[in-house]
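2 protein chains.
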Amino acid sequence: MLIRQIIVTLVIALGVLCDTADNKIEECILPEDLVNEIASYAPTVQKIINTSINGSFKGITYNELAYFVDKFGNRISGSQNLEDAIDFMIKKSSASGLDNVHGEEVKVPHWIRGSESATMIEPRTKSLTLLGLGNSVGTPPEGILAEVLVVKSFDELNAKAGQAKGKIVVYNQDYISYGQSVAYRGQGATAAAKVGGVASLIRSITPFSLNTPHTGMQSYKDNVTKIPTACITVEDAHLLQRLQDEGYTIKILLKMEAQTLPDVTSRNVVAEIEGSKQPEKVVIVSGHIDSWDVGDGAMDDGGGVFISWGALALLKNLNLKPKRTIRSVFWTAEEFGYVGAFGYAQQHQNETDNFVFLMESDIGTFNPVGLEYAGGATGYCIVQEIAKLLAPINATKTRQSPSVGSDIEIWTGNGIPGASLDTENDKYFWYHHTPADTLDAEDSVSLDKNTALWASVAYVIADLSIDFPRDSLKTKH
Amino acid sequence: MLIRQIIVTLVIALGVLCDTADNKIEECILPEDLVNEIASYAPTVQKIINTSINGSFKGITYNELAYFVDKFGNRISGSQNLEDAIDFMIKKSSASGLDNVHGEEVKVPHWIRGSESATMIEPRTKSLTLLGLGNSVGTPPEGILAEVLVVKSFDELNAKAGQAKGKIVVYNQDYISYGQSVAYRGQGATAAAKVGGVASLIRSITPFSLNTPHTGMQSYKDNVTKIPTACITVEDAHLLQRLQDEGYTIKILLKMEAQTLPDVTSRNVVAEIEGSKQPEKVVIVSGHIDSWDVGDGAMDDGGGVFISWGALALLKNLNLKPKRTIRSVFWTAEEFGYVGAFGYAQQHQNETDNFVFLMESDIGTFNPVGLEYAGGATGYCIVQEIAKLLAPINATKTRQSPSVGSDIEIWTGNGIPGASLDTENDKYFWYHHTPADTLDAEDSVSLDKNTALWASVAYVIADLSIDFPRDSLKTKH
Numbered sequence: 001m002l003i004r005q006i007i008v009t010l011v012i013a014l015g016v017l018c019d020t021a022d023n024k025i026e027e028c029i030l031p032e033d034l035v036n037e038i039a040s041y042a043p044t045v046q047k048i049i050n051t052s053i054n055g056s057f058k059g060i061t062y063n064e065l066a067y068f069v070d071k072f073g074n075r076i077s078g079s080q081n082l083e084d085a086i087d088f089m090i091k092k093s094s095a096s097g098l099d100n101v102h103g104e105e106v107k108v109p110h111w112i113r114g115s116e117s118a119t120m121i122e123p124r125t126k127s128l129t130l131l132g133l134g135n136s137v138g139t140p141p142e143g144i145l146a147e148v149l150v151v152k153s154f155d156e157l158n159a160k161a162g163q164a165k166g167k168i169v170v171y172n173q174d175y176i177s178y179g180q181s182v183a184y185r186g187q188g189a190t191a192a193a194k195v196g197g198v199a200s201l202i203r204s205i206t207p208f209s210l211n212t213p214h215t216g217m218q219s220y221k222d223n224v225t226k227i228p229t230a231c232i233t234v235e236d237a238h239l240l241q242r243l244q245d246e247g248y249t250i251k252i253l254l255k256m257e258a259q260t261l262p263d264v265t266s267r268n269v270v271a272e273i274e275g276s277k278q279p280e281k282v283v284i285v286s287g288h289i290d291s292w293d294v295g296d297g298a299m300d301d302g303g304g305v306f307i308s309w310g311a312l313a314l315l316k317n318l319n320l321k322p323k324r325t326i327r328s329v330f331w332t333a334e335e336f337g338y339v340g341a342f343g344y345a346q347q348h349q350n351e352t353d354n355f356v357f358l359m360e361s362d363i364g365t366f367n368p369v370g371l372e373y374a375g376g377a378t379g380y381c382i383v384q385e386i387a388k389l390l391a392p393i394n395a396t397k398t399r400q401s402p403s404v405g406s407d408i409e410i411w412t413g414n415g416i417p418g419a420s421l422d423t424e425n426d427k428y429f430w431y432h433h434t435p436a437d438t439l440d441a442e443d444s445v446s447l448d449k450n451t452a453l454w455a456s457v458a459y460v461i462a463d464l465s466i467d468f469p470r471d472s473l474k475t476k477h
Numbered sequence: 001m002l003i004r005q006i007i008v009t010l011v012i013a014l015g016v017l018c019d020t021a022d023n024k025i026e027e028c029i030l031p032e033d034l035v036n037e038i039a040s041y042a043p044t045v046q047k048i049i050n051t052s053i054n055g056s057f058k059g060i061t062y063n064e065l066a067y068f069v070d071k072f073g074n075r076i077s078g079s080q081n082l083e084d085a086i087d088f089m090i091k092k093s094s095a096s097g098l099d100n101v102h103g104e105e106v107k108v109p110h111w112i113r114g115s116e117s118a119t120m121i122e123p124r125t126k127s128l129t130l131l132g133l134g135n136s137v138g139t140p141p142e143g144i145l146a147e148v149l150v151v152k153s154f155d156e157l158n159a160k161a162g163q164a165k166g167k168i169v170v171y172n173q174d175y176i177s178y179g180q181s182v183a184y185r186g187q188g189a190t191a192a193a194k195v196g197g198v199a200s201l202i203r204s205i206t207p208f209s210l211n212t213p214h215t216g217m218q219s220y221k222d223n224v225t226k227i228p229t230a231c232i233t234v235e236d237a238h239l240l241q242r243l244q245d246e247g248y249t250i251k252i253l254l255k256m257e258a259q260t261l262p263d264v265t266s267r268n269v270v271a272e273i274e275g276s277k278q279p280e281k282v283v284i285v286s287g288h289i290d291s292w293d294v295g296d297g298a299m300d301d302g303g304g305v306f307i308s309w310g311a312l313a314l315l316k317n318l319n320l321k322p323k324r325t326i327r328s329v330f331w332t333a334e335e336f337g338y339v340g341a342f343g344y345a346q347q348h349q350n351e352t353d354n355f356v357f358l359m360e361s362d363i364g365t366f367n368p369v370g371l372e373y374a375g376g377a378t379g380y381c382i383v384q385e386i387a388k389l390l391a392p393i394n395a396t397k398t399r400q401s402p403s404v405g406s407d408i409e410i411w412t413g414n415g416i417p418g419a420s421l422d423t424e425n426d427k428y429f430w431y432h433h434t435p436a437d438t439l440d441a442e443d444s445v446s447l448d449k450n451t452a453l454w455a456s457v458a459y460v461i462a463d464l465s466i467d468f469p470r471d472s473l474k475t476k477h
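Read top to bottom, the protein sequences are chains A and B. The first sequence begins at 1 in UniProt numbering and counts up by one. The second sequence begins at 1 in UniProt numbering and counts up by one.
Treat each hint with caution, since some may be false.
In this list, chains with the same sequence are indistinguishable; a pair is considered to hold if it fits within one copy or across any two.
[Unchecked claim] With a cut-off of at most 25 Å between alpha-carbon atoms, the simulated BS3-like pairs for lysine-lysine come out as follows:
{"#": "1", "residue 1": "K71", "residue 2": "K126"}
{"#": "2", "residue 1": "K255", "residue 2": "K165"}
{"#": "3", "residue 1": "K47", "residue 2": "K388"}
{"#": "4", "residue 1": "K152", "residue 2": "K71"}
{"#": "5", "residue 1": "K107", "residue 2": "K316"}
{"#": "6", "residue 1": "K255", "residue 2": "K126"}
{"#": "7", "residue 1": "K194", "residue 2": "K427"}
{"#": "8", "residue 1": "K316", "residue 2": "K92"}
{"#": "9", "residue 1": "K321", "residue 2": "K58"}
{"#": "10", "residue 1": "K71", "residue 2": "K251"}
{"#": "11", "residue 1": "K226", "residue 2": "K92"}
{"#": "12", "residue 1": "K91", "residue 2": "K107"}
{"#": "13", "residue 1": "K152", "residue 2": "K92"}
{"#": "14", "residue 1": "K255", "residue 2": "K194"}
If you are wondering where the hints come from, they were derived from the structure by calculation, not from laboratory data. In this text the structure is predicted, and so the values were computed from the model without any measurement.
Work out the full structure, taking the sequences as your base and the hints as a guide.
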């Protein structure tokens, strides 16, 4: 214990030297012993990879994911589908021989969509493809029939605030990136209500569309009227913009039955491979088990759940028991704002010091390229060494972010190191939160590689002679 | 007249020499005078291109197409929308100063979709995205609730004929190419009815899907029960296949209000630039003005109509009057089997000898690469020389097919030479017959280039000293 602490301190001290002013690592100076120790896992990692890619686990992640999404379909927070899927994953994890399998209760939102439609009435009749946004209120049963004001930005809305009263505000914001454009989904209704809008529609947040609607969360601000809000397709947003620019008066009849019912009890699913030496120290691998209520939630985040389940099942199958515990968590109600993860953080706050490293896959399980890392400079040096072990699947790339993951951001955004799966996910936002989030977005070979990567990284970090260092980037700037 | 005939004969004789056994042209031996004559059009073509790409016509094709699709939306055969759009194009062609603008009446089908839905009832409830196929009958008002039989091919259906009785047959055929896979759309219902199926669903004919349904024509065979038929998405066809393979019993409730009303009168729209020397000889440029009843028909075939209108309007604007007549035709009811074109062929059968060359754009107006040609070997040599003039827009490629076009195949499939617009259309079938066929599939710069290409090729062929030769490939094999 003492020797390990000394090594850790030394490692951290050396690690600081590696961190340049602009936060780019130019050189890693890790103790040679540690580098050699990490390299010594190569045969084990090769065995994990072989088993997943060409051995007894080949195709299992995809096939199990397929069986799961075919059986349950989508799994929105509050739904019986989600709870059935949670029961299934608890049984499946037990059947895979994992340790301490159980659900941990947490209250989650219960928003239901109901039927919904948007029909352009003027200047001509056209049925618009739409999806209500999460948490939206509904319209009166007869709907809301109103003139439309199309704006490209919040700035334009504010400049035209005088024209918005009584109108349906349509945001035709450009797609810059998901992170930048999603503000229109999250806050569009509130901004429209503030200037007197009676409903708001956003252009779906995506770089590519085949008339594809993309739902997602939105939040009302306190003390602002809650108005119904939905997404329309990129194509229809463009159409409405052009019609407005051509001088037409546009009217839309919006009908939404959406409503929020009382919270219900859901569960985060937990399963472990208990550590042989320090079982109280935990490496977490995770994905979220809930999805939106469209498509089948195969990509978001069935893939993340099944490579996390697959990683533990594979290690168990190979009888690889690391020094520390590897815990898989399938978070519930991620889509409504990390609800399951926040509950977990609260319930496990006394355990936080033992969270050695957190991993989440929630940005696609396409062909892997490596890891996106959040944490300190020395840790990054270690991650780079571990990534070298992934050369057999050509997934050795690493990059850094201030925080990673969705659910695990609660921890990685607060100085606890972790990593996201990094894949060739340039089409992720084509499918995200749409009816096209089905098994067709997934690929068996990629899933095998991701399961291998997930198992390898978790195993090495859980088994190292030292705790993964917590020298936070945040403390150095 | 006589001198021209001699030249034509000579050209044809020389052309034959160019045609090798495997139908590939190795060398073109055209009279030097003719080659020089074609090359002499370079300044004129450059002027057409400059005007369309950077001059007074820049952006006009796109803007006019946008105005058109925004105003009318989709335009299915039999609809008032289509007739309003036809009226509009007649007025627009007149306003552009074109000659002999008029509509020519033809009887067209009047099929209407009505509301429609397909809900998987077992093994779990899922609403399937579908679009009824053209000419389909409807279901009884209460729908058809039946077990499903999924097959990958007609062969598999026949092998399992004993299991099909009373079932909804789902075709999960692979996408090989549009031409090869479309047989399942065209004949799937009849094949299913023959073995006792009560309805049929096909996997949409596309190489890529975001849960995108692709409608289209289908035909019932005489003396076979007409059963309701629709397309579902690639994703849902895959789902049904997997569920069947996993051993589930699948039941679907199909409701379709589709019905065929009596034929109505529509019109092919005709406009000309009358030839200065031989006005009776005609070069046709064309696209079809009808569309399916989903999306806005911007790509299929608004683009084809508007580059054909644009080509004539541009030539008129430049005061370029060729020796022969250039005629634009906007065919009606193409989607129901070239109905407008067949009517036109019958009404103009006495004029066929004067059809010098026919052009149609109905496979997308993406960035142009050149021309796809049907006709004789000498003609191909001439087309290759003309294509060289298109170097300023990098659209000099040519290739041959036994017939080209959709509507004009009536003629090009029967020895009358013609060409299709050839573009970078690898995504054409992503949008084809879907709600995503909107203006977003079109691009202003590409449309400018296509208008220039269309105008240039039509003008040169209409103005050459010789009639375009009719040495048909068909007569040589």
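Cross-check of the supplied hints:
When the C-alpha separation of K71 and K126 is checked against a cutoff of 25 Å, the pair qualifies only between copies, where the shortest distance is 11 Å, while the shortest distance within a copy is 35 Å. With identical chains, the CA atoms of K255 and K165 are at most 25 Å apart within one copy only, with a shortest distance of 19 Å there and 41 Å across copies. Taking the closest pair of Cα atoms, K47 and K388 come within 25 Å of each other only inside a single copy of the chain (15 Å); across copies the shortest separation is 60 Å, beyond that limit. With identical chains, the CA atoms of K152 and K71 are at most 25 Å apart between copies only, with a shortest distance of 22 Å across copies and 41 Å within one.
Proximity of K107 and K316 under a CA criterion of 25 Å is satisfied in neither setting, with 31 Å inside one chain copy and 71 Å between copies. Both within a single protomer and between protomers do K255 and K126 lie at most 25 Å apart by alpha-carbon distance, with minima of 14 Å and 22 Å respectively. For a Cα distance limit of 25 Å, the shortest separation of K194 from K427 qualifies neither inside one copy, at 35 Å, nor across copies, at 42 Å. In this assembly of identical chains, the alpha carbons of K316 and K92 lie at most 25 Å apart only when taken from the same copy (13 Å versus 73 Å across copies).
Taking CA atoms no more than 25 Å apart as the test, K321 paired with K58 passes inside one copy only; the shortest distance there is 21 Å, against 69 Å between copies. Taking identical chains as interchangeable, the C-alpha atoms of K71 and K251 lie at most 25 Å apart only when they sit on different chains, with a minimum of 14 Å there against 41 Å within one chain. Taking CA atoms no more than 25 Å apart as the test, K226 paired with K92 passes in neither setting, with 42 Å inside one copy and 47 Å between copies. Within a single copy, K91 and K107 get their C-alpha atoms as close as 22 Å, which meets the 25 Å cut-off; across copies the closest is 64 Å, which misses it.
Taking identical chains as interchangeable, the C-alpha atoms of K152 and K92 are never at most 25 Å apart, the minima being 48 Å within one chain and 32 Å between chains. In this homomeric assembly, K255 and K194 come within 25 Å of each other (Cα to Cα) only inside a single copy, at 21 Å, whereas the closest approach across copies is 43 Å.
Hint violations for this structure: numbers 5, 7, 11 and 13, all remaining hints satisfied.
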